[in-house]
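In order, the protein sequences belong to chains L and X.
Note that our numbering has the first sequence beginning at 938, numbered continuously upward.
Note that our numbering has the second sequence beginning at 938, numbered continuously upward.
Think of the hints as simulated: they come from the structure by calculation, not from any bench.
If you're wondering where the values come from, they're calculated on a predicted model, not measured in any experiment.
Hints may contain errors.
A pair counts as met if it fits within one copy or between any two copies, since identical chains are not told apart.
Said to hold, decoys possible - Below, a list of computed lysine-lysine pairs in the BS3-like style, where the Cα atoms sit at most 25 Å apart:
no.	residue 1	residue 2
1	Lys962	Lys1309
2	Lys1205	Lys1146
3	Lys1205	Lys1309
4	Lys1467	Lys1196
5	Lys1467	Lys1533
6	Lys1597	Lys1467
7	Lys1086	Lys1467
Listed here are the chains, written in short residue letters.
There are 2 protein chains.
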Amino acid sequence: MSSSQTHASRSSYLGDSALEGLLRKAHARLDVADARRLVAGVLAAPEGEEPDAWHRLVASIRTPALTAQLEALKAEIASGQRPAHGLNDWSADRLVGLRSEMARLGLAGFLCPRGDEHQGEYVAPRAERLRWLTGFTGSAGLAVVLMGKAAMFVDGRYTLQVRSQVDGKSFEYRHLVDDPVGEWLASNVPRGAQIGYDARLHTPDGLAKLRVAAERGGIELVALEADPIDAVWTDQPPAPIAPIIVHPDRFSGRSGAAKRDELAEQLKRDGVAAAVISDPASIAWLLNLRGADVPHTPLPLSFAMLNADGGVDWFVEPMKLDDDVPAHLGNQVRLASPDAFGAALDGLGAQQASVLLDGATGSVWIHDRLTKAGARVVRGQDPCALPKARKNAAELAGSRAAHLRDGAALARFFAWVATEAPRGELDELTLSDRLLAARRQGEYFRDTSFDTISGAGANGAIVHYRSSPATNRKVLAGELYLVDSGAQYLDGTTDVTRTIAMGRPNAEQRDRFTRVLKGHIAIATARFPKGTTGSQLDPFARRALWDAGLDFDHGTGHGVGSYLSVHEGPHRISKLPNAVALEPGMIVSNEPGYYKTGAYGIRIENLVAVRELELQGAERAMLAFETLTLCPIDLALVEPALLVPDEIAWLDAYHARVAKMLRPLVDATTSAWLDQATRPLLAAAR
Amino acid sequence: MSSSQTHASRSSYLGDSALEGLLRKAHARLDVADARRLVAGVLAAPEGEEPDAWHRLVASIRTPALTAQLEALKAEIASGQRPAHGLNDWSADRLVGLRSEMARLGLAGFLCPRGDEHQGEYVAPRAERLRWLTGFTGSAGLAVVLMGKAAMFVDGRYTLQVRSQVDGKSFEYRHLVDDPVGEWLASNVPRGAQIGYDARLHTPDGLAKLRVAAERGGIELVALEADPIDAVWTDQPPAPIAPIIVHPDRFSGRSGAAKRDELAEQLKRDGVAAAVISDPASIAWLLNLRGADVPHTPLPLSFAMLNADGGVDWFVEPMKLDDDVPAHLGNQVRLASPDAFGAALDGLGAQQASVLLDGATGSVWIHDRLTKAGARVVRGQDPCALPKARKNAAELAGSRAAHLRDGAALARFFAWVATEAPRGELDELTLSDRLLAARRQGEYFRDTSFDTISGAGANGAIVHYRSSPATNRKVLAGELYLVDSGAQYLDGTTDVTRTIAMGRPNAEQRDRFTRVLKGHIAIATARFPKGTTGSQLDPFARRALWDAGLDFDHGTGHGVGSYLSVHEGPHRISKLPNAVALEPGMIVSNEPGYYKTGAYGIRIENLVAVRELELQGAERAMLAFETLTLCPIDLALVEPALLVPDEIAWLDAYHARVAKMLRPLVDATTSAWLDQATRPLLAAAR
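Using the sequences plus the hints, can you model the full thing?
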């Protein structure tokens, strides 16, 4: 299907000297050695919607022969690699290798987290150290390896998965929350022992709790400069290399220079000389750039220093940049190799500068290097976090446009489902493939914004379910089907969940769905004074469930980026205390749910944007939400007797808007389905 | 009126040697010097409902002649004191005296907070240093005195009051939150200057924020062993001395020994040798004792150490105890003089013990003394706080009984108001006196639980209003009257607010009252899973106000003690984040409000107790509230069109219960009023 495969089948690689000649003729930026490094990096990045976009990193103008040889080189290098970089071939030898490395370093134990040096949600294959060491593919976890035993700590989402993926003879299974790591260490390691950790993969905030318990047990945590796993993982992939693109002002709404100037003013007011930024999403926002180094989140992995004079030092692999990027950045942004980052931290230290570092995203390595060099580290929030979260008018307009396209794709998908479902042949993977195909028709589509959750029946009750050939099942009559999915468009990021009934739902399903809907409406219609946090709104999403002794075990809403991460802070709607007030422009999901283990799952998710509310007679500055997502809510699952008139009015008005907005964008069959799916509730009940 | 005045008028004091003879004859515990010290302490304590209860502290059996001479001595000593211990006669000389003391100590400034060494809400006259220094009578504030200038910091409640009470030529007025003290210091004091504070009156937590700002300005905060105000306040009263009474097991529900054993087990599990407890309410709860040293909260001021072996060292003025108390305590509780407290802290240090201290209630003085002596201070929560908050069955039964009595008093009061109001002669002080008189008729009544807020019209909009002859006004037709009051009964503490309309309320008043009522009902009817905090429930109290762009600027609910403090932690219902989960037995107020400055105030307050909820089909362990307060809500202020059927059902059911419970306890006139006041809402509207 993809163009890279097409090219690869055409030519075979003619050798380095042939390529060298083609590169010279094209006035390429790279020699053959660079080209080999580039291709290895490309193979360690997601393929994406334009698998040959990387060619332009080689030369601005390329002959067909050069293009063919680049693809041939890529095929040759790929053929020499194990599939999935060897991440699927776990063996206990890996523990043996790690332990001999630990012995060499004098360590009684080693902590291996799931994460990279940017604390990102999606990581490159190179950073899949936990998966390599244990076989575990979940998005959160920690392995603790001692000389005689090892334990794998995961949270409640992964207690089943860890048993199927991680060898029980090599690892004890432990609960990340109920069995604190520090106490496990204290009871398995003698006083005075040293436990190592990769200082780049942990943050001061993240380590704090563990550190207290470990120190009470007389255990020393030792920050390591190099990760011992990298020493024993012989075919560890290199860092990914994917082309960086300019995110134009018409989408970002604001020039990078304007953003930098405003933040620099704030740094000056706070008496800080520089901020070290290690969250690539913040850097992408600050520089109005996007990348493709990891799946689902369009960002280039990099580090940056924002200085109080408005200048930025950006530490990024130079091969990721074509000529457009430096031109876009101007001379206030100084490019440097990632290797130069440590020396630059030392330079801040030599000036005895006050340096802002986010204690939740900046690593222990950065913190310690700054401190040792003489800098005064001020722990605070990443200065990009709040301005990035407050979407401006252009970003909101982009989000609305993206949601319109996304809504049309969803309508085509659900209309097709309505036609096909009665045959009883639809399965989870067929459904998610079809939804992806519908989205691909939309302008600006670049990627899904996360792995689609396509859950039939009991699989829908697994909150972080990911369908696979092994778990794939058909959606049977009388079952519910839950699909949680999203897309990355150049103008906005989407995330939507709908639950639909196949055939006639039963009374319990209708009761539960309607309680979830009441929670969803309570958030959608909330009016609240400025200063209110998402934690304060969260209970509105749960009250109708609480009334029946029910609840759901996840947050009600997460922030969403603007063609950036689908999970973006610092705001959220959650039971967990969060002191960040909701502010105009913030986008957040509204996704209450209900899950009956072994039976069915329900979730209704729209994205909403915070807006100012003008209200007759109001004594406070008030805020409310604008619902961005445009997709019908299955009326077959709504029990009207459980709704009050205001709730029915909201549902009908939402459906009228969905129909009006999407009708011009869809075919006649979809339009007919849309009319039926968005009819007034009480008309439906009759 | 009081018996002490009656006695005093009978005899004049015949001299120390006459008293000495009477004391000897009565086998008194005290000699004349002690008796003089006792009487001075009695005069520094509230008079209370039994003004001659202190006589038993002199001797178990007393002749009429002894009693008369004790009262005569009291009258003589009182006549030599300035009224209100001189607290009402502010003069700028006090600042002059303090500054010369500061000069002697080498201090550039001094911090004078409103508080005592127990961080209590109600303090003895001796601890009214801020009032003495500034004239300010509010419940929170801080004076900062420098050599050339001084500032008085108060919060939003007191910005008007401070201007009327504190001399603007001597003090700048500052806002405690908007104008941080540390920054004011930094901009008014040179680097290197020393600012003193009384180490007993500040906590590590309380000082933390101030300390950061001060240190940034190069200012040193110096902990003082002795308060410089005590050196210049020549007629500072002694510490109060009031009799301690046993709080019987039928009210406490649990013996002191059982409480101590359970907490000691917890200390052992936590690896702590002792807990230093400086909150007198915790000590009163732990030892099943009550006192009368300060107004409104029946506690003896004292300190205690709870040891991991279950023993307690109790540092209390021995003259407060009659023979019953040591017998009640048994030999696991060792009595010591307050003077011995410091040496006992040193003793813990000499053992290098781990000592638990609450960082919010334990003073810097305790913290530093422990640390200097060699102890390891573990900062945590007062171990009594949570078990004290979780009322047991006996305490809940006591609270219900107290609320029944309180409800009957309220019904008599409001029935009388209904009769008297049409004459238009009722004023705030008349009303609060009448309410107090109604409560005094009830069994076990000991005190009001705080200063009654009796606010007519615009005064009702002042959240912490206290009526005085200067502000007293009549309640006019068309106005609202807000009364927030409570009582201390031996079996329970009450706190209730009602707002009533004098004559016909207007549409706006009805709208606002009904929105407040909707919030009140939303809390009263909330069902929530175990683990839910009051912060999570708080928004339910506000939603109906938020819908109209309105809000109120205080918490929705505070914890309430069991014949203890009317404001008790650690739980609360508030916008402020609070991580303490609500647990069965916790009593908390439910008091949303609405305030229109210069016009009227509305608040509806009941106390509620957390209870377990059995619910058909529930999947979670659920909790709900039991409403304890029994008092009609003014139906004239309810707009039925704003209520949904479930809310009307709650109101009608509540009123039916109020009527059924109170009717047997009230006279015929009150009963007739009660029937009318508790009629079904829609019957009322017709």
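>> I want to check one pair: Lys1467 and Lys1533. Are their C-alpha atoms no more than 25 Å apart within a copy, between two copies, both, or neither?
In response: This pair counts as between: shortest inter-copy Cα distance 19 Å, intra-copy 36 Å.
> Between Lys1205 and Lys1146, at a C-alpha cutoff of 25 Å, which is it: within one copy, between copies, both, or neither?
Replying inline: between (32 Å within a copy, 22 Å between copies)
>> As a check of your reading, is Lys1467 near Lys1196 (CA-CA no more than 25 Å) within one copy, between copies, both or neither?
In response: within (24 Å within a copy, 45 Å between copies)
> What label fits Lys1205 with Lys1309 when the C-alpha limit is 25 Å: within, between, both, or neither?
Replying inline: within (24 Å within a copy, 40 Å between copies)
> How do Lys1086 and Lys1467 come out at 25 Å by Cα distance, when the copy is not named: within, between, both, or neither?
Replying inline: Neither. Shortest intra-copy (52 Å) and inter-copy (37 Å) distances fail the 25 Å Cα cut-off.
>> My question is about Lys962 and Lys1309: at a cut-off of 25 Å on alpha-carbon distance, are they close within one copy, between copies, both, or neither?
In response: This pair counts as neither: shortest intra-copy Cα distance 49 Å, inter-copy 78 Å.
>> Reference check for the pair Lys1597 and Lys1467, CA-CA at most 25 Å: within, between, both, or neither?
In response: Classified as neither: same-chain Cα gap 32 Å, cross-chain 44 Å, threshold 25 Å.
Hint compliance for this structure: hints 1, 6, 7 are broken, all remaining hints hold.
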